[in-house]
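S.K.: These protein sequences, in sequence, are chains S and U.
So the first sequence is numbered by numbering that gives the first Met the number 0: it starts at 0 and just counts up by one.
So the second sequence is numbered by numbering that gives the first Met the number 0: it starts at 0 and just counts up by one.
Don't take every hint at face value.
[Claimed, not checked] Residues of chain S clear of chain U, computed beta-carbon distances all greater than 10 Å:
#1 103
#2 104
#3 175
#4 178
[Claimed, not checked] Pairs of lysine-lysine, DSSO-like flavour, derived with a Cα cap of 30 Å:
#5 205(S) - 153(U)
#6 175(U) - 116(S)
#7 135(U) - 182(S)
#8 177(S) - 135(U)
#9 177(S) - 175(U)
#10 205(S) - 148(U)
#11 153(U) - 129(U)
#12 74(S) - 182(S)
#13 188(S) - 135(U)
#14 216(S) - 148(U)
#15 103(U) - 6(S)
#16 116(S) - 148(U)
#17 166(U) - 205(S)
#18 116(S) - 135(U)
#19 182(S) - 171(U)
#20 216(S) - 166(U)
#21 175(U) - 102(S)
Hints listed in this document are in silico derivations from the structure and should not be mistaken for laboratory results.
Glycine included, C-beta positions come from ideal geometry on N, C-alpha and C.
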Amino acid sequence: MVDLVHKNHVLISVFSRFGISLGFGDKTIREVCEERGIDLQFFLEIVNSFLDYDYFPREQLKSFPIRLIVDYLTKTHHEYLEKTIPEIESVISGREGICYGDKEHNYLLNTFFQEYKDELITHIKKEDEQVFPYALEVEQCYLQKKTAENLPDTFRNYTISRYLQEHDDIEEKLFDLKNIIIKYLPPPKNPRLCYQVIVLLFNLEKDMNDHSRIEEKVFVPKVAMMEKVIGRKNSRQ
Amino acid sequence: MRKINFLIITESFVYKTGLRFLLEEMSVTGKIHYSEDLSQIEKSNADYIFVDTGLPDVQDLYKQVRSGHAEGWPVLIALTHHRKDKNLLSSGLFRHSLDLSQPKSEILHSLVEITKNNFSPNKASVREEKLSEREKSILRFVALGYTNKEIAEKLFISMHTVITHRKNITRKLGIKTVSGLTVYAILNQLIDMNSMG
C-alpha cells in the first residue's frame, strides 16, 4: 500500500473514495481491502488505470456491478463538491489574499470560476439524482431478468444515451480557466496564490479526465447494454 | 514544415529505443526507420543516418570513402560510447559524432545542433499567432453574446464563414468557451466590462 503512495501521491484522494485514509503501516493492498470490505479487483483496476493513462481495461471494468461503479463515481462527486471546489474557491475568491493588483482582474477570475462551479454542480446533481438511480434500477431489472416495464414510472422516458452530451462543456471551461490565468491575465500581485490555484486546477483536470473516462467508456456502455437486454427502446416513445 | 526522416543502423535495442525517445522528445516530424546492417545506407532516403560504430563492417565503409564513394550520401552521424575516435570525423565519412555516454541535456543539445538547418527544436514557442482584424470583430460579437446567425447577418457573411473564423479564434487563443472568450475580450479591451451581460 505504501508503495502505491510513493509511486503517486495523488492516489491518496482515490483511496479516500474507498474509505481508506493514511496510516496503513506495512499492510498490503489485499489486507487493507479485506479490512474494509473493498472489492480487491475493482480497487486494483481503478488504481492502475488512474496511474497509467494507457492502461484502461474497459471490458474488465465493465464486468463489475454497476453498484460498485456508481458508488465510486458518487464518492468522487462528493469529493469535488465538498473538498476540491471549495478549496479552489477559497483561494480564488480572495479569502486568503488577493491574486491580482487590479480589482477588475480579480472580479473577472472570480466570475468565471463561479460560472464554472455552478455548471459543475448542476451537472453532478443531475447525475447523482437521476442518472445513477436510473442505472441502479436498470441493473435490478437486468439481474432479476425482468423487462423494462418494471422500471419505476419516473424513469419511463429516460435512456442513458441522453446523458452523455453535457460532459464536454464542463471540461472546456476548466481548460479555459487554466489558460486565462496562465496566458491572459497580467502577472499576479501574489504569484504564490496563483500558483496554488493552478496546481489545484491541474490536479482537478487530471482527476476529472479519469472520472469522465470511467463514466463514458465503462458506465454508459454497460448501462446501454443492460437496457438492450431488458428491452428498453433507445428512442423516446 | 518539411518532414525529416531518420535511419538508425544498429543491432542494439537500447540504442534504437533510446534514440527514438530523444528524437520524439524533440517533436521532430517524419519517420524513423531502423536497420541492423550497413547495406541500407546508399538506398535510404533518410536525411540523417545514425550509425553504430561498433558494428563489425564499419571498416568497410571507410574503404568505400577512401575510394571516393561517399559523395552524395546523406548526413551520417557516428554513434559512439566514451570513445574519442579521431579517425571517425577526419575520414570525412561521418559529418558528426554523437557520444551516447553524455548526459541527456548534452545529447539533446548535439541533436539540435546536428539537425538545426531543418527544424526548430521547439515548435510551439516559435508559432506566434495573432488574431486578424476580422477575427477580432467576430470575437467582439461572440463576447457580447451574439449567436453565429446574428453575427453572419451583421457582417454580411455566411454562417459557415463565421464558424470557420470561430474555429480559428479558438485554435489561436486556446480558449474554447464563450465565457472564456468574453474574459479574453475584456482583458484585451475589445469590449467594455460594463457591456458584459
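S.K.: Determine for every hint whether it applies to the structure shown.
M.R.: Going through the hints against the structure:
1. 103: It is violated; residue 103(S) is separated from chain U by about 6 Å at its closest Cβ, not greater than 10 Å.
2. 104: Its Cβ does come within 10 Å of chain U, the nearest being 8 Å, so this is violated.
3. 175: violated (3 Å)
4. 178: Per Cβ check, residue 178(S) is inside 10 Å of chain U; nearest 5 Å; violated.
5. 205(S) - 153(U): violated (41 Å)
6. 175(U) - 116(S): Judged against 30 Å, a Cα distance of about 17 Å means the pair holds.
7. 135(U) - 182(S): OK: residue 135(U) and residue 182(S) at ~18 Å, within 30 Å.
8. 177(S) - 135(U): Given pair residue 177(S), residue 135(U) holds - Cα atoms ~22 Å apart, limit 30 Å.
9. 177(S) - 175(U): Holds: residue 177(S) and residue 175(U) sit about 11 Å apart, inside 30 Å.
10. 205(S) - 148(U): violated (36 Å)
11. 153(U) - 129(U): holds (23 Å)
12. 74(S) - 182(S): Not OK: residue 74(S) and residue 182(S) at ~33 Å, beyond 30 Å, violated.
13. 188(S) - 135(U): Holds: residue 188(S) and residue 135(U) sit about 29 Å apart, inside 30 Å.
14. 216(S) - 148(U): Violated - the C-alpha atoms of residue 148(U) and residue 216(S) are around 35 Å apart, more than 30 Å.
15. 103(U) - 6(S): holds (23 Å)
16. 116(S) - 148(U): Holds, because 29 Å separates the two Cα atoms, which is no more than 30 Å.
17. 166(U) - 205(S): Status holds; Cα separation ~25 Å.
18. 116(S) - 135(U): holds (28 Å)
19. 182(S) - 171(U): Answer holds: residue 182(S) to residue 171(U) is near 12 Å, not above 30 Å.
20. 216(S) - 166(U): holds (27 Å)
21. 175(U) - 102(S): Roughly 25 Å separates the two Cα atoms, so the pair holds.
Violated hints, listed in ascending order, are 1, 2, 3, 4, 5, 10, 12 and 14; each of the other numbered hints is respected by the structure.
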